[in-house]
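Colleague: Based on the sequences and whatever the hints tell you, model everything.
What follows is the residue order along each chain.
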Amino acid sequence: MKKRLIPLLAACLLLTGCSSLPTAREMGDMALMRTMGIDTVPDGVRVTGSTGPRARGLEAEGEPSLVLTAERPSLSGACLAMQGQSDSFVFFGYVDQLLIGEELASEGVSPVLDYFAQDVELGLGAQLWLVRGTTAQEAVSSGGDEGIDQRLETLQHDGKMGIASISRTAGETYVDLMELGSAFVPALSPAGNETGVLLESGYGIIKDGALAGFLDGEAAKGLELLAGGGAADILDIELADNKVSAKITSAHTQSAFEFQGDTLSALKLTCEVEVRVTEYQRRLSDEERNALQGELERRERERLGLALERLRAWRADCAGLGVGAAMAHPAKWQTLQADWPDWFAKVPVEIRVRVTIQE
Amino acid sequence: MSKQSEANAPHPRREPRLPGPLSLVRLEEVFDGCVDFAKREVYLHGDRERKATVCYIDGQARSERLNDYVLRPLAQDPMLATAPEGQLFDLLEKGALYAHGAKRVSELDPVVFALIDGSCALFLEGRDDCLLFPVATEEKRSVGEPENEPALKGARDSFVESLRTNTSLVRRRLRAPELRIKERVVGRQTLTPVDVLWIDGIADPDTVALLEERLDQIDIDGVEAAGNLEEYLVDAARSPFPLMPYTQRPDRFCQGLLEGRVGLLADGISLGWVLPGTIDQFFKTGQDRAYHWLVASALSVIRWLCALVTLLVPGLYIALVTFHPEAIPPKLALSIVAAKQEVPFSTIFEVLIMLLAFEVVQEAGLRLPGPIGTTVSILGGLVVGNAAVDAHIVSPAVLIAVAIAGVAGYTMPSQDFGNALRLWRFLLAILASLGGLTGLALGCAALIYHLAGLESFGVPYLAPFTTGTRVPRGHPSLFRLPLPAMKWRDGAVNTRNRRNQR
Numbered sequence: 001m002k003k004r005l006i007p008l009l010a011a012c013l014l015l016t017g018c019s020s021l022p023t024a025r026e027m028g029d030m031a032l033m034r035t036m037g038i039d040t041v042p043d044g045v046r047v048t049g050s051t052g053p054r055a056r057g058l059e060a061e062g063e064p065s066l067v068l069t070a071e072r073p074s075l076s077g078a079c080l081a082m083q084g085q086s087d088s089f090v091f092f093g094y095v096d097q098l099l100i101g102e103e104l105a106s107e108g109v110s111p112v113l114d115y116f117a118q119d120v121e122l123g124l125g126a127q128l129w130l131v132r133g134t135t136a137q138e139a140v141s142s143g144g145d146e147g148i149d150q151r152l153e154t155l156q157h158d159g160k161m162g163i164a165s166i167s168r169t170a171g172e173t174y175v176d177l178m179e180l181g182s183a184f185v186p187a188l189s190p191a192g193n194e195t196g197v198l199l200e201s202g203y204g205i206i207k208d209g210a211l212a213g214f215l216d217g218e219a220a221k222g223l224e225l226l227a228g229g230g231a232a233d234i235l236d237i238e239l240a241d242n243k244v245s246a247k248i249t250s251a252h253t254q255s256a257f258e259f260q261g262d263t264l265s266a267l268k269l270t271c272e273v274e275v276r277v278t279e280y281q282r283r284l285s286d287e288e289r290n291a292l293q294g295e296l297e298r299r300e301r302e303r304l305g306l307a308l309e310r311l312r313a314w315r316a317d318c319a320g321l322g323v324g325a326a327m328a329h330p331a332k333w334q335t336l337q338a339d340w341p342d343w344f345a346k347v348p349v350e351i352r353v354r355v356t357i358q359e
Numbered sequence: 360m361s362k363q364s365e366a367n368a369p370h371p372r373r374e375p376r377l378p379g380p381l382s383l384v385r386l387e388e389v390f391d392g393c394v395d396f397a398k399r400e401v402y403l404h405g406d407r408e409r410k411a412t413v414c415y416i417d418g419q420a421r422s423e424r425l426n427d428y429v430l431r432p433l434a435q436d437p438m439l440a441t442a443p444e445g446q447l448f449d450l451l452e453k454g455a456l457y458a459h460g461a462k463r464v465s466e467l468d469p470v471v472f473a474l475i476d477g478s479c480a481l482f483l484e485g486r487d488d489c490l491l492f493p494v495a496t497e498e499k500r501s502v503g504e505p506e507n508e509p510a511l512k513g514a515r516d517s518f519v520e521s522l523r524t525n526t527s528l529v530r531r532r533l534r535a536p537e538l539r540i541k542e543r544v545v546g547r548q549t550l551t552p553v554d555v556l557w558i559d560g561i562a563d564p565d566t567v568a569l570l571e572e573r574l575d576q577i578d579i580d581g582v583e584a585a586g587n588l589e590e591y592l593v594d595a596a597r598s599p600f601p602l603m604p605y606t607q608r609p610d611r612f613c614q615g616l617l618e619g620r621v622g623l624l625a626d627g628i629s630l631g632w633v634l635p636g637t638i639d640q641f642f643k644t645g646q647d648r649a650y651h652w653l654v655a656s657a658l659s660v661i662r663w664l665c666a667l668v669t670l671l672v673p674g675l676y677i678a679l680v681t682f683h684p685e686a687i688p689p690k691l692a693l694s695i696v697a698a699k700q701e702v703p704f705s706t707i708f709e710v711l712i713m714l715l716a717f718e719v720v721q722e723a724g725l726r727l728p729g730p731i732g733t734t735v736s737i738l739g740g741l742v743v744g745n746a747a748v749d750a751h752i753v754s755p756a757v758l759i760a761v762a763i764a765g766v767a768g769y770t771m772p773s774q775d776f777g778n779a780l781r782l783w784r785f786l787l788a789i790l791a792s793l794g795g796l797t798g799l800a801l802g803c804a805a806l807i808y809h810l811a812g813l814e815s816f817g818v819p820y821l822a823p824f825t826t827g828t829r830v831p832r833g834h835p836s837l838f839r840l841p842l843p844a845m846k847w848r849d850g851a852v853n854t855r856n857r858r859n860q861r
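Note that the protein sequences, when read in sequence, are chains A and B.
For the first sequence, the numbering used here assigns the number 1 to the initial residue and increments by one for each residue that follows.
For the second sequence, the numbering used here assigns the number 360 to the initial residue and increments by one for each residue that follows.
Note that these hints are calculated values from the structure, not bench results.
Treat the hints loosely; a few may be bogus.
[As the list claims (entries may be wrong)] Keeping only pairs whose Cα atoms sit at most 25 Å apart, straight-line, the calculated SDA-like set for lysine to any residue is:
1) A:Lys-247 <-> A:Tyr-280
2) A:Lys-160 <-> B:Leu-691
3) A:Lys-160 <-> B:Glu-685
4) A:Lys-243 <-> A:Arg-283
5) B:Lys-690 <-> A:Gln-334
Modeller: So, in structure tokens, the structure goes:
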């Protein structure tokens with residue numbers, strides 16, 4: 001029996017996929033990178049990493065965040081160069097926030113996502129942000145001694161709760177690019193004051209791996225309605241003699257195809273929006289309620305229209321409207337799928353918004 | 360044969376030990392030089408022509424019984440002076456003396472052992488036999504509370520060192536005449552009576568036969584500790600895990616007999632074994648059937664989880680902190696980094712040293728008298744631990760991991776099982792130090808392999824989980840079902856009657 005055990009254990013070792021045992025490394029010597037920013041430079045890429053606030057010992061004062069920057073022709077070269085800049089072992093396993101500069105995004109984000117997917121320490125679980133109006137290096141450095149990881153974490157959590165931009169991980173973006181050919185990524189830009197705080201700045205649309213453009217304001221809200229994500233928004237409506245504030249609590253858009261014969265004749269969108277009246281001068285009458293409902297439906301239809309107009313211009317169905325509608329027509333979708341971006345750009349779109357008002 | 364090799368050779372075992380006919384002279388030769396051997400000559404009712412000699416071992420025989428039941432009638436009963444000499448011995452045997460038993464013996468061997476057991480031997484001049492009267496002292500510890508298995512809700516009696524008291528405690532609970540008690544004598548020098556108990560018709564007769572056979576094969580000097588039986592009855596040398604569950608509580612012992620297991624009691628050892636032992640037996644407590652089934656089930660699950668915690672936490676800590684930091688949540692990682700920065704030792708060294716220190720403090724606490732032991736534990740655990748953290752000798756995370764593992768180990772109802780887990784905890788920590796999670800996983804696989812290879816009296820140690828479909832199962836081992844639903848005895852034990860209620 002013992003003779004059988006040895007080959008069995010050897011087989012177990014092989015099944016682990018490890019050619020050798022892992023290397024031990026003390027955590028006390030590690031600088032844990034939390035945020036990484038990547039820009040393009042003439043000779044390659046510039047990688048900026050930030051640790052966030054650190055503590056030296058149990059009772060000592062907090063140390064400022066460690067920010068390292070390296071420029072190299074490749075991402076791996078830049079990361080390796082950062083190792084040499086620190087007296088600690090730079091560990092990239094905790095990178096939770098990935099910022100990509102606008103210029104690099106215009107050239108293409110696929111190499112960055114590929115690198116994150118293949119690296120042992122990094123992964124596709126990091127939150128992805130596009131930086132507008134400045135470089136990723138500036139954005140990473142803007143947090144000063146405190147770093148920006150807490151600010152980005154807050155934005156991420158707010159996005160999940162529906163009170164900020166929809167947050168996207170690198171993995172979600174990567175999957176969307178492969179399956180839909182396009183993806184949307186929340187964008188950040190610095191506040192125009194001395195604080196340098198990063199603020200939400202719409203969404204960047206990645207088409208075929210490169211930045212196609214940004215959606216701002218009402219168009220960005222329209223994208224949120226299409227994606228069914230964070231849609232929390234306050235709409236102030238002036239009725240005849242009543243001023244009402246309504247909060248959008250949830251939104252969900254369903255898409256459907258309409259065919260004439262075998263030809264796609266229309267893309268129908270049905271957006272269900274739930275709204276709660278938060279403020280009013282006096283209790284709403286039935287007429288006012290109907291008027292409010294109509295006004296809200298008009299506003300949301302406008303938003304959807306704005307977003308769709310831009311997306312169709314870029315031929316980027318990053319909200320997955322085609323895939324969603326295809327569930328009911330799998331056979332016809334097979335013929336449409338290859339040319340769907342073209343169909344998406346030209347097919348007539350019918351938008352229907354249904355608002356439910358809750359007291 | 361040289362003197363040295365003669366000393367190293369096993370001495371032959373003789374049966375009978377003292378062969379030959381009985382005589383007072385030979386008896387005195389046997390106990391020559393024994394200060395506690397006593398001999399008393401008595402004239403029967405003052406008749407100088409009729410003399411009896413009473414022999415006994417001082418301290419083994421109870422003096423009041425000897426005086427009142429033997430010596431007083433001999434000295435004062437006029438019938439003994441007038442009865443014909445030919446009938447005198449019959450009269451003494453049949454009731455002239457007040458002892459509850461009398462036995463006529465003509466061999467030396469049984470007389471010697473009867474005297475050691477507390478009887479007295481009565482010799483009459485001119486006869487080559489004697490009468491044995493049981494007048495043994497019954498000095499023993501009274502039945503107290505089980506210190507190792509305290510009862511919050513249930514019986515509070517505990518086994519004592521007296522074997523006959525223990526069997527009576529069992530017999531009082533199991534009044535069924537099917538309760539069988541067989542005795543074997545183990546130990547060449549101690550001659551310790553060891554009793555095998557089972558319920559006829561329920562217990563597996565093969566297990567009983569196997570136990571008796573193994574008891575017969577034990578040829579040792581004496582039974583002074585529980586290990587003297589355990590290590591001879593089961594193949595304990597190859598595993599630190601206990602294969603013979605034991606209890607101090609008669610109620611739990613009887614429950615084991617009712618489940619179809621075979622009991623074992625030894626004179627001088629205040630506990631009883633219940634065989635065969637499977638792993639789930641070491642996670643059960645005497646209170647499991649006393650509490651509500653939901654509470655008992657929750658506590659049972661906690662105990663199983665604690666076994667995993669005490670076994671894995673130090674190794675897991677080493678593996679994660681040293682080899683796989685990416686698996687630690689970021690905020691916890693940051694605090695570990697902060698706490699570790701000023702500690703001069705490696706994490707592996709820290710954990711192993713702290714595990715060792717934990718064992719040292721525990722051992723010191725056990726070896727000292729109660730109040731001092733508590734002080735040592737507090738001093739060692741709290742003061743030194745706190746000072747070590749303040750002085751940056753160890754990081755608090757290591758201290759917490761080792762303390763959690765240690766405290767979780769104390770939830771094991773069986774001290775022996777907890778000790779085995781402590782040993783394996785070290786082994787897994789060392790394997791984790793060598794290969795991270797890979798080493799830890801291999802260590803766990805080795806542990807399961809080891810446990811799967813153990814047997815207790817023909818029953819697999821992991822029987823509750825591994826009996827498969829051929830052997831009928833009893834009831835879940837992790838949970839305690841409501842008692843009306845627990846209608847079956849455990850199938851792996853191979854009881855003759857599986858159903859325990861209507």
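Colleague: Work down the list of hints and note, for each, if the structure agrees.
Modeller: Results for each hint:
1. A:Lys-247 <-> A:Tyr-280: Holds, at roughly 12 Å.
2. A:Lys-160 <-> B:Leu-691: Distance of about 22 Å is within 25 Å: holds.
3. A:Lys-160 <-> B:Glu-685: Holds - the C-alpha atoms of Glu-685 (chain B) and Lys-160 (chain A) are around 23 Å apart, at most 25 Å.
4. A:Lys-243 <-> A:Arg-283: Status holds; Cα separation ~11 Å.
5. B:Lys-690 <-> A:Gln-334: With Cα atoms ~47 Å apart, Lys-690 (chain B) and Gln-334 (chain A) exceed 25 Å; violated.
Hint compliance for this structure: hint 5 is the single one not met.
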